[in-house]
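S.K.: Here is how the chains run, residue by residue.
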Amino acid sequence: MESFNISRDAELILSTYCTSELLSPVVSKLETLITSYYNINKSPLISLFGEIFPSTSFPQLSIFRDNTSNPNVENSSMLEYAKSLLEVLKKVKVSHVTLAFEPTEEYLRVLHPRISAIVGSIMVLHVIVDRKILGGCLLSFDGVYKDLSLVSYINKYFLSNKQYVQKLL
Amino acid sequence: MPINTADVSSVYFTALVLIVFLLFFSMLLFVVFLYFHGFVGRSKKEEALVKEENYNKALKLLEAARLRSLELLDTSSKEAAATLSKAQMLDADAKQQLESQLAALATKQFNTLDELSKALFSEYKRQVEEEKRKNIETLSNVSHDIENELVNEVKDFKNLLQKETIEKEKEVETRINADYSSIEKEMNEYRQRKLAKIDENIYEILADLSKQILGKALNLEDHQNLVLKILEDVKSQGVAQNGKL
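In order, the protein sequence lines correspond to chains F and E.
All the letters of the first sequence, read from the start, carry residue numbers 1 to 169 under the numbering used here.
All the letters of the second sequence, read from the start, carry residue numbers 170 to 414 under the numbering used here.
Same shape as in the complex, but just chain F (with noise of 0.2 Å):
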């Protein structure tokens, strides 16, 4: 149990359900293996949470990495460590961020570890969508608020710009 690491498993299962639509089906299968554990069979879970993260998508996990010679981790060891997950990635901050388009997955994957380093965080992304800002984001994290809207950027504009706006309108 010792040699894997959570929080680097964590990082990496947020960086691809990296909003809180995705990773809210993944901690509920999480939920759901673990009490399968104790309900109704005791089959190996190293297979069942394979079900949850292939080991094709995340080979870098450490469940995998470090068992790779290994696959049938002992049960014990694998609930250990799917509690453990669980319990991180339920504890994992929202930060909220406002675009004017759709953003597509890949592009939230993109944009998941730029606003991570910002936050400073692992966290998971709540997009909201409002084509009033134009462009730009809106992010919202831990009680803290930035506006990095294109409509502010052209407020800004309008003051400064002032006269040559109302020649435009």
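In short, the hints are calculated from the structure, not lab data.
In this text, all values refer to a predicted model and were calculated from it rather than measured experimentally.
Among the hints, erroneous ones may be present.
[As the list claims (entries may be wrong)] Each pair of labels, with its calculated beta carbon distance range:
no.	chain 1	residue 1	chain 2	residue 2	range
1	E	E401	F	T56	28 to 38 Å
2	F	P54	E	D391	14 to 24 Å
3	F	V94	E	E358	38 to 48 Å
4	E	Q406	F	Q163	37 to 47 Å
5	E	S351	F	K93	46 to 56 Å
[Stated by the list, open to error] Below, simulated DSBU-like cross-link-like pairs (lysine-lysine); rule was C-alpha separation at most 35 Å, straight line:
no.	chain 1	residue 1	chain 2	residue 2
6	E	K264	F	K146
7	E	K404	F	K93
8	F	K162	E	K404
9	E	K363	F	K146
10	F	K167	E	K366
11	E	K264	E	K277
12	F	K156	E	K404
13	E	K363	F	K156
14	F	K83	F	K93
15	F	K167	E	K303
16	F	K146	E	K303
17	E	K303	E	K287
18	F	K90	F	K156
19	E	K287	F	K132
20	F	K90	E	K398
21	F	K132	E	K363
22	F	K156	E	K366
23	E	K277	F	K156
24	E	K398	F	K93
25	E	K354	F	K146
[Stated by the list, open to error] Some, not all, of what chain F presents toward chain E, calculated at C-beta under 8 Å:
no.	residue
26	R114
27	A117
28	I128
Where is the CB? At the ideal position from N, CA and C, for every residue including glycine.
With chain F held as given, fit chain E onto it using these hints.
M.R.: Chain E in isolation, oriented as in the chain F frame:
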């Protein structure tokens, strides 16, 4: 002194009795004369003597009677004259008395009339004053009634005026509200039209502004790149201090 009419009547009655007495006495003497004249005829001498004697007697009697009658007449005349004088005096006194009494009576009547007049005047004055007081009281009551009626009418008019004023105010308020609502509706419609027009133009304006700011219009890729660029700028410009937002 007042005239006594009984005394005057007595004087006249006395004079009349004397005159009647004289006439009766004269008739008696004539009868006696006729008697002795017939008696003389029976005995001329004696008769003549007797006649003469009787005649003398008769003459004496006549003379006595005449004297007596004259005396009586004189007395009666004197008495009558006195009576008449007295009566005249009495008449003058009575007249004077009458005049005096008349004057007194007139004075008394005058006084009575004056008193009556004064009493009547006083009564008339009292009644006039009473009527005047009653009239003033009546007028005062009428004045009060008129005042009360006027006050009530003024109150009614005031209430009516207030009621009508309030109704008019409500009507005006309703009309103003209706007009205001209409104007507000028109304003909203006008605003919506203007906003719609601005919305129609805003993209053009924003496109112009985007071109002014960014140098070109935004498509999806531009949007994506713009966000990434902004985030890079934020990170590089150190807006996020210590790596935190």
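S.K.: For every hint, state whether the structure bears it out.
M.R.: Structure-based check of each hint:
no. : hint                          : in the structure
1   : E401(E) / T56(F): 28 to 38 Å  : holds (32 Å)
2   : P54(F) / D391(E): 14 to 24 Å  : violated (34 Å)
3   : V94(F) / E358(E): 38 to 48 Å  : holds (42 Å)
4   : Q406(E) / Q163(F): 37 to 47 Å : violated (28 Å)
5   : S351(E) / K93(F): 46 to 56 Å  : holds (53 Å)
6   : K264(E) / K146(F)             : violated (152 Å)
7   : K404(E) / K93(F)              : holds (20 Å)
8   : K162(F) / K404(E)             : holds (29 Å)
9   : K363(E) / K146(F)             : holds (32 Å)
10  : K167(F) / K366(E)             : holds (16 Å)
11  : K264(E) / K277(E)             : holds (18 Å)
12  : K156(F) / K404(E)             : holds (20 Å)
13  : K363(E) / K156(F)             : holds (24 Å)
14  : K83(F) / K93(F)               : holds (18 Å)
15  : K167(F) / K303(E)             : violated (94 Å)
16  : K146(F) / K303(E)             : violated (100 Å)
17  : K303(E) / K287(E)             : holds (23 Å)
18  : K90(F) / K156(F)              : violated (39 Å)
19  : K287(E) / K132(F)             : violated (117 Å)
20  : K90(F) / K398(E)              : holds (31 Å)
21  : K132(F) / K363(E)             : holds (18 Å)
22  : K156(F) / K366(E)             : holds (23 Å)
23  : K277(E) / K156(F)             : violated (131 Å)
24  : K398(E) / K93(F)              : holds (24 Å)
25  : K354(E) / K146(F)             : violated (38 Å)
26  : R114                          : holds (5 Å)
27  : A117                          : holds (6 Å)
28  : I128                          : violated (13 Å)
Hints 2, 4, 6, 15, 16, 18, 19, 23, 25 and 28 from the list above are not met by this structure, while the remaining hints are.
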